[in-house]
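Peer 1: Below are the chains, spelled out letter by letter.
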Amino acid sequence: MTRTRLLGTVAFGLGIAFATSASALTIGFSQVGSEGDWRPAFSQSMKDVAAKRGIELKFSDAQGKEENQLKAVRSFIAQKVDAIIIAPVVVTGWDAVLKEAKAAKIPVFLADRDVDSDPGLFVTRISADFNLEGRLAGAWLAQASKGKCNVVELQGTVGSAPALQRKKGFESVTALFPDIKIVKSQSGDFTTAGGKEVTESFIKATNGFKGICAVYAHNDNMQLGAIQAMKEAGLKPGKDFLMVSVDGVPDMFRSLVAGEANASVELKSDIGGPIYDVVEAYLKGKTDWPKWVLIDSDLHTQADAAAELAKRGLK
Amino acid sequence: MIPVTPPPTETAARPPREKKSLPSFVWPLMALATILVIVGLIEPAFFSIRIVEGRLYGSLVDIVYRGTPIMLIALGMAVVIGTSGIDLSVGSVVAIASAVMAHYIHEGWDPASVIAISLAAGLACGLWNGFLVAALGIQPIIATLILMVAGRGMALMINGGRIPTFRSDFFSFVSSGSIWIIPTRLFLVVGVALILWALLRRTAFGLFVEAVGANPSAARLTGIATRTVTLGAYGIAGVCAALAGLVITGDTRSSDAVNVGMWSELDAILAVVLGGASLSGGRIYLATTLLGVLIIQSLTTSILMTGLPPEYNLVVKAVVILAVLLIQAPKLRIQVANLAAAFRGRGAK
Numbered sequence: 018m019t020r021t022r023l024l025g026t027v028a029f030g031l032g033i034a035f036a037t038s039a040s041a042l043t044i045g046f047s048q049v050g051s052e053g054d055w056r057p058a059f060s061q062s063m064k065d066v067a068a069k070r071g072i073e074l075k076f077s078d079a080q081g082k083e084e085n086q087l088k089a090v091r092s093f094i095a096q097k098v099d100a101i102i103i104a105p106v107v108v109t110g111w112d113a114v115l116k117e118a119k120a121a122k123i124p125v126f127l128a129d130r131d132v133d134s135d136p137g138l139f140v141t142r143i144s145a146d147f148n149l150e151g152r153l154a155g156a157w158l159a160q161a162s163k164g165k166c167n168v169v170e171l172q173g174t175v176g177s178a179p180a181l182q183r184k185k186g187f188e189s190v191t192a193l194f195p196d197i198k199i200v201k202s203q204s205g206d207f208t209t210a211g212g213k214e215v216t217e218s219f220i221k222a223t224n225g226f227k228g229i230c231a232v233y234a235h236n237d238n239m240q241l242g243a244i245q246a247m248k249e250a251g252l253k254p255g256k257d258f259l260m261v262s263v264d265g266v267p268d269m270f271r272s273l274v275a276g277e278a279n280a281s282v283e284l285k286s287d288i289g290g291p292i293y294d295v296v297e298a299y300l301k302g303k304t305d306w307p308k309w310v311l312i313d314s315d316l317h318t319q320a321d322a323a324a325e326l327a328k329r330g331l332k
Numbered sequence: 056m057i058p059v060t061p062p063p064t065e066t067a068a069r070p071p072r073e074k075k076s077l078p079s080f081v082w083p084l085m086a087l088a089t090i091l092v093i094v095g096l097i098e099p100a101f102f103s104i105r106i107v108e109g110r111l112y113g114s115l116v117d118i119v120y121r122g123t124p125i126m127l128i129a130l131g132m133a134v135v136i137g138t139s140g141i142d143l144s145v146g147s148v149v150a151i152a153s154a155v156m157a158h159y160i161h162e163g164w165d166p167a168s169v170i171a172i173s174l175a176a177g178l179a180c181g182l183w184n185g186f187l188v189a190a191l192g193i194q195p196i197i198a199t200l201i202l203m204v205a206g207r208g209m210a211l212m213i214n215g216g217r218i219p220t221f222r223s224d225f226f227s228f229v230s231s232g233s234i235w236i237i238p239t240r241l242f243l244v245v246g247v248a249l250i251l252w253a254l255l256r257r258t259a260f261g262l263f264v265e266a267v268g269a270n271p272s273a274a275r276l277t278g279i280a281t282r283t284v285t286l287g288a289y290g291i292a293g294v295c296a297a298l299a300g301l302v303i304t305g306d307t308r309s310s311d312a313v314n315v316g317m318w319s320e321l322d323a324i325l326a327v328v329l330g331g332a333s334l335s336g337g338r339i340y341l342a343t344t345l346l347g348v349l350i351i352q353s354l355t356t357s358i359l360m361t362g363l364p365p366e367y368n369l370v371v372k373a374v375v376i377l378a379v380l381l382i383q384a385p386k387l388r389i390q391v392a393n394l395a396a397a398f399r400g401r402g403a404k
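If you're matching them up, the sequences are chains A and B in order.
In our numbering, each number is its position in the first sequence, counted from 1, plus 17.
In our numbering, each number is its position in the second sequence, counted from 1, plus 55.
With the rest of the complex left out, here is chain B (with noise of 0.2 angstroms):
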């Protein structure tokens, strides 16, 4: 064996919190704001915005507009990053939903019984996850694996292996139509983001699920039933995917269970990270979230905007939020810094 130096420490590398002197919203915020400065510079109608056919019209309503299924699935994800899970299973879920409401829309349901029962297929599909994960013991990124590859192929059966289209001035209203000259997707996503916040910063709920994910064993030790806050987590992840679920298919009036919610789950994960929360857990921020999903949505828009080829999509895409990842992460300096120390030490012995 060849003696090696231990690399820098854990302890080292992870600085006092309170150091921090900025909020942690000015990150994300700062990123946001040089994305959509550069492609105003780019494409001057990028900022225009209007009113057309009785509603606000303009790239940064697309932004905000587009954004908004990954909106709702990335909030559901933030509550499961918080317990130190992960949901891969959303994007089949929004399938799952998406291909049930069309068959009860089908079946001539109302609205109202529509929507109850996808979002409670939207929930049993969490449930299920939860089931895994806190039940059995499951590792999150396997567990939600299982419904992510079956799901899909869930959501073709109930569609009988079609695309099936319908009309529904209801959920044309709520998806892609608008309240006074606002969207009213808009407060759809307001509406979930501000009961989630009541349920996380208002009750003692958001305390457990950051306490379990924290510290799983502390947390029982001091009586929270992990369990069933880890089994909550997951049904909220289900719910908010399954009204993504209703949002698309809503829009495009038609539920395409092959392609519809595809890679969302990476979208999400992706904004909870810009959001500034970790993958290991113990923290929530479901407004940075929000912004998180805005860096990626308004990347997205101003492709599509700019004219760029479609073959660099991807990864003028991935460059970009390489960039903003790497801008936001104050560990990396503070690593670069000691592994510069570490080499310097190394040379002096």
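Bound-form chain A, shown alone (with noise of 0.2 angstroms):
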């Protein structure tokens, strides 16, 4: 607050027309893009929490391209905002932008995901951990099937983080439960057509998930699919067999309370108070960060996913 206050009376003293301006605090935000169902809740939970904050947000959608984050970035450093948060569309190519936010003194914070960037160039990266999202999972299906189970699982897009990380560390768990094995891996391409046809695939492959006992998907969209095609099959999901994916998806949390699915791990969407929390502190004077400050994850089961729905304001 002292920033602020400092420029407030600052900028009193240049004039009126300067002081509504800069009493507030200004961050630029560049997102990725509105990809899917939790990204544009991100964003959404971005813009709610700056208006209750009284943050002046510069919101920048990059549509999934880098060279739109570059451009956004720099217009925010030439604005002169107080903070830059970015939500990286990849992990390179961001040297020569940070080193100029950092000429330019402006306090650079990641979201979501990861540079290859010399650290110093950043303050932290605020994010969930796909790695513990992936390890949850499996301690969740390890104890819901006592050590013994073949499971079948619907990866992510061939090579991006999140399928990587969910599917080393539900892989890091299951490996301590010798009779917990991934008997068929695929990838659905994070989408529901995507994850229906390969579980279509599968079931004919094992005779109608033959000794099969569990389904692990790197996300609801892909586990909403494998439900429908295992329906369509005459399987009994969540019922017959543990249905445990990462995300927490609106449709996920209906299927939770239908009964077809048995386990979602949640990927937290309203993480902008979390985020101008570290923000906030930071311009107040805390700098000594950590270079990676973990959002906590959740894992919602059957028991829960009415209350969860409630507390959304959805049915």
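Hints are not guaranteed to be accurate.
Claimed, not checked - Pairwise CB distance ranges (calculated):
hint	chain 1	residue 1	chain 2	residue 2	range
1	A	133	B	168	44 to 54 angstroms
2	B	228	A	321	33 to 43 angstroms
3	A	200	B	366	49 to 59 angstroms
Since the hints were made in silico from the structure, they are not lab data.
Every residue gets a Cβ at the ideal spot worked out from N, C-alpha and C, and that includes glycine.
Two chains, two frames, some hints: make the complex.
Peer 2: Next up, the structure:
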């Protein structure tokens, strides 16, 4: 607040016109785009919390292109914002623009994804841990199956960070149980259609999921496709098969309530609060942040799905 | 300037058409059979067909079933390619139709109206492409690229940047239901194929399309309204893509504007080519185009069945497709022979 007050005082000295714009914190936020269910919700949370806290948010949607992000960040620097938040499209190519921000003495925070740059060029990364999500899903499954299970895995887009880490995290836990095996694994590209098609093939390849005890999907959309495919093949997901996935999208809560799924690790989208907490604390003078500030994950089951839906004002 | 011996001439490379002894569907059919037999050897369960939940069930059924959206798109694409055009926007039209459908289902419209407006959206997209190509004379690849890029954005706008989900018994029946034991969507493909066949082979339209594709100037001079024909061809492609959108969206009961129909234009073009048509136009093969889709889809399904690590999916697919294309190309052998002859000729000098 000292900085804000200082700015305000200076501005007041300069004139009323400046005072109104400088009295609030101005933050530039460069978002990846609006793909899927999760990211638009994340953007909305950033806007809502900013409005609530009186932060002036300059929001820029990069539409999945890094050059748009670089442009946006440069314009934030030119506008002399108090802080810049970037949710990077890709990990590479950030050195130049991060150095420009540092030269302009504007702190940069990373949200969600990582960059491949000198850690001295940004304050910290604030995000959930994909690996931890995988471990949580694995731990839930190990317990629910009592350490004995043949798992079918629906992977995310090949080579993407969430797919890699959710796979690694899951396997790091299931490796502790010799009787938990991943017997089939394919990519469903994070989409419902992909998850459905892959599951249909798996059902045939295993002669109606014979000996299979669980489906682990790297996101809920694929799991929703898997549930449809299983129902159409006359199987009972959620009852005869353990269904665990990651994301916590509204339709997954509905499936949990309907008893067609068993567990979903929530990737929180209302993370505007925790992100601004870090930014505001930094601007107030707390500069010794670790390079990765974790946003905790949560795991939801059939037991609390109805309550979660109600909490979100959904049916 | 260094004197260069002219490459083997075009006329030499082009064999007389009548020389072909085998009917055009033999090569794609053989390629398909080879793929199926190989996968069947690896995974014997591949050929089992049973009746589960009152409908046919098995990997072979899956291939036909999962292939239907691309079949619909490829049928339209075959007509456009027949005019020596190409339509890169079909994937985006799928997304637009999908978004329009989800939107009006949420508005509470009855299924017939939802179908009508979604197909109308597809038709409008197709006519827009046709207008750019026929009236403004923009090259098809550029003209349709515009909608390919913009269309997905429009679909995303209609969806409000989210993935709307819905429940509709009617569309579930159309897309994933079955009549007797046969999936409903197969009737849709057969219906569209029959309508197109009748339109192309039982009216003069097919002749006009092929005339425009083979030689537009000659077609115009003989009195064919080439612009109207081109416009019609793109309109057909738009409606076919919209139908595919309805099938896909009814299947997943959600409209994912960013991903639905992604890269389907490439699969459709590939299917038309696998079916034996040339991208330079003048020929439409509906039946072998459908075979082409079955080749692509049997590859996808068998990759999923055999438990190949996902990192290799695309590489395997590419290699097999390349092999199929080479097997199918009678020109290749003639060209290889010509090249050999040219080298021999150069050596003699």
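Peer 1: Is the gap between the beta carbons of residue 228 of chain B and residue 321 of chain A within 33 to 43 angstroms?
Peer 2: Since residue 228 of chain B and residue 321 of chain A have Cβ atoms about 34 angstroms apart, the given range 33 to 43 angstroms holds.
Peer 1: Is 44 to 54 angstroms respected by the C-beta to C-beta distance linking residue 133 of chain A and residue 168 of chain B?
Peer 2: holds (51 angstroms)
Peer 1: 49 to 59 angstroms was suggested as the range; check whether the CB atoms of residue 200 of chain A and residue 366 of chain B agree with it.
Peer 2: violated (18 angstroms)
The structure shown violates just one earlier hint, number 3.
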